[in-house]
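A.B. asks: Use these hints to put chain B onto chain A, whose structure you have.
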Amino acid sequence: MGPYLSDEIGKLDLSGVDTDANYQLQIEDADLVSKYDLVIFIDADAEGPEPFNAKRLEPEAKLSYTTHRLGPESVLALCKSVYGVVPESWLIGVRGYSFDVHEGLTEKALSNSKEAVGFIKQLLYGDKGKKHGNKR
Amino acid sequence: MKASDTKQKKIVINPVTRIEGHAKVTIRMDDKGKIDAARMHIVEFRGFERFVRGRLYWEAPTIVQRLCGICPVSHHLCAAKAMDGIIGVDKLTPTAEKMRRLMHYGQTFQSHALHFFHLSSPDLLLGYDADPAIRNVIGIALKYPDLAKQAILMRKYGQEIIKATSGKKIHGTGAVPGGINKSLSNEEIALLKNDIDQMLEWSVQSVDLYKKMYMDDIDRLSNLGSFESNFVSLVRKDGCLDLYDGLLRAKDKDGKIIFDKVRPIDYLKYIREGVRNWSYMKFPFITSLGQEKGWYRVGPLARVNNCDFIDTPIAEKQRQEFMELGKGRPVHSTMAYHWARLIETVHSAEKIKELLDDPDIKGKDLVTAGKRRHESVAIIEAPRGSLFHHYKVDDNDQITMANLIVSTTSNNEPMNQAIRRVAEDHIAGQKKVTEPVLNLVEVAIRAYDPCLSCATHAIGQMPLKVKLVDFRGQVIDEKVRG
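Chains A and B supply the protein sequences, listed in that same order.
The opening residue of the first sequence carries number -10 in our numbering; numbering runs sequentially from there.
The opening residue of the second sequence carries number 3 in our numbering; numbering runs sequentially from there.
In isolation and in its complexed conformation, chain A is listed as follows (with noise of 0.2 Å):
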């Protein structure tokens, strides 16, 4: 799901918005997270409400006991100590249905998906056209 939205925002070629799809947050993230004024995490959702649930994120050091990862509050936690920054962060999970192996997503979750990106286009340029996002 991550992957699939990172992809599908990225086609829309936003002036002044960056993707990027990892395997996992780590203490590095801080760094990327530093440059820019608005950063939205996106993660596919197992339990959460339909289509997509969208949270606003403060820095926080939530760790976990394995810390070879880290949550996207502590990624910022990390980014307000080391960097003194800390940009508009938003966390959108959307609700996927099947976590097999298997390629593509369900439909449902691809509909899922479609508004989500409706709502991370109203975040990043607001109802006003204002852009948002720009690198630091």
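Note that these hints are calculated values from the structure, not bench results.
For each residue, glycine too, the CB sits at the ideal point set by N, CA and C.
Be a bit skeptical, because a hint or two may be false.
Beta-carbon label-pair distances, calculated as ranges [unchecked claim]:
#1 B/328 to A/43: 56 to 64 Å
#2 B/313 to A/114: 37 to 45 Å
#3 A/110 to B/323: 56 to 64 Å
#4 B/277 to A/49: 37 to 45 Å
#5 B/396 to A/90: 20 to 28 Å
#6 A/9 to B/375: 49 to 57 Å
#7 B/375 to A/88: 34 to 42 Å
Covered stretches of chain A, going by a simulated chain B footprint (3 or more residues, C-beta under 8 Å) [as the list claims (entries may be wrong)]:
#8 6 to 13
#9 30 to 38
#10 64 to 73
Here are the simulated DSS-like pairs of lysine-lysine, each with C-alpha atoms no more than 27 Å apart in a straight line [to be verified]:
#11 A/0 to A/103
#12 B/295 to B/271
#13 A/69 to B/158
#14 A/51 to B/255
#15 B/165 to A/0
#16 A/0 to B/184
#17 B/214 to B/239
#18 A/51 to B/26
#19 B/170 to A/24
#20 A/24 to B/364
#21 A/51 to B/151
#22 B/93 to B/364
#23 B/151 to A/24
#24 B/195 to A/24
C.D. replies: Quick look at chain B alone, frame taken from chain A:
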């Protein structure tokens, strides 16, 4: 954990934190407070040897790297090396060999930097007894922001090397049976050259930082979780440290050779895998010594102890200084793993610099081929130690057998030994067991940088649960973290 009496009881640390994957530690004491058993249980299960059966051999380098998100390059390259053997290739083109090496040094550089700064430095810089709520990478960033930034940029640089050589930062596809699928452009080389001097400088500063910490606290650190052991690693034909390729060497606790110049294909004559009924992880041992005496350590400490020299000047100078600790014998201190790891970080940076100046990495001769074989074994020195990949492939090009011995598996018995030593020194006979003391158990395990996702296969996650249970199984005390 609350303080508790130590009448006959079992201490359970579940899961162990700041490692990759899920492990549980149990320490059992008798009624006199003496350590009866200290064990690390691996409660995950790995199915990759089974997953790859039936798959086509050229798929293996991309499939097996899914074992791990931190050292996928090691599995990618080791499987590719094994598949070189399957297609009858014993020597790659210079471009392919150097591109693979560059990928591997980038991987070692980022993995070692991530481990030291992210996983271990909270204990070392903030204190073993610091508040667990801040004893983490965020705590380091708050107290040492410059160091945290350095860690971020070192990890980022290693990932950029991986991306340039394999196409992606994680789970790339650069290595293929018989070679590589890309070389570097002038633009890529220029970009990577921009930062390499800074990376090398920071690497040297890191090893100097840890060296000072170790020497300032040598009585405590040299004993923490320490014991004597055999060591196994690859070395180059001439005895030089080599992380990418070579022949197997084993030394005993006194530094005497047990076996040397063993070709990967012959590993089963020298190494066996034992099992215990309380762990999913196997217990490899040196066949000639048997399971009780033949267990061995792998990884940075083993490699620096086993090699005769390092072929990069700064790392070699650091190695010589390091070896003085052993006074003519191998260095056995568990906490010396960090020191050796940082020497390898310097070595990796030096090698990256050397390779970025080598015109072969721009070459166009990427792949070679030979006469098809049905069985192949490859060994690579992954960041955590020797990694073995053994495959059999049939005439339909399908894999019929796979056996992986990952570094964390080789370090299984050593980690159990480290736990026992910490338990004997800090828990046995004590009336109270505190959180900082329990953290010392984890500190000793973390020194080995275990990757249990590789050693088994991680699925899901569990909260930290510490239980104090008496010998009848009754819970005396319990605390849940996270």
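A.B. asks: Please list, smallest to largest, the hint numbers that this structure does not respect.
C.D. replies: 2, 6, 9, 14, 17 and 20
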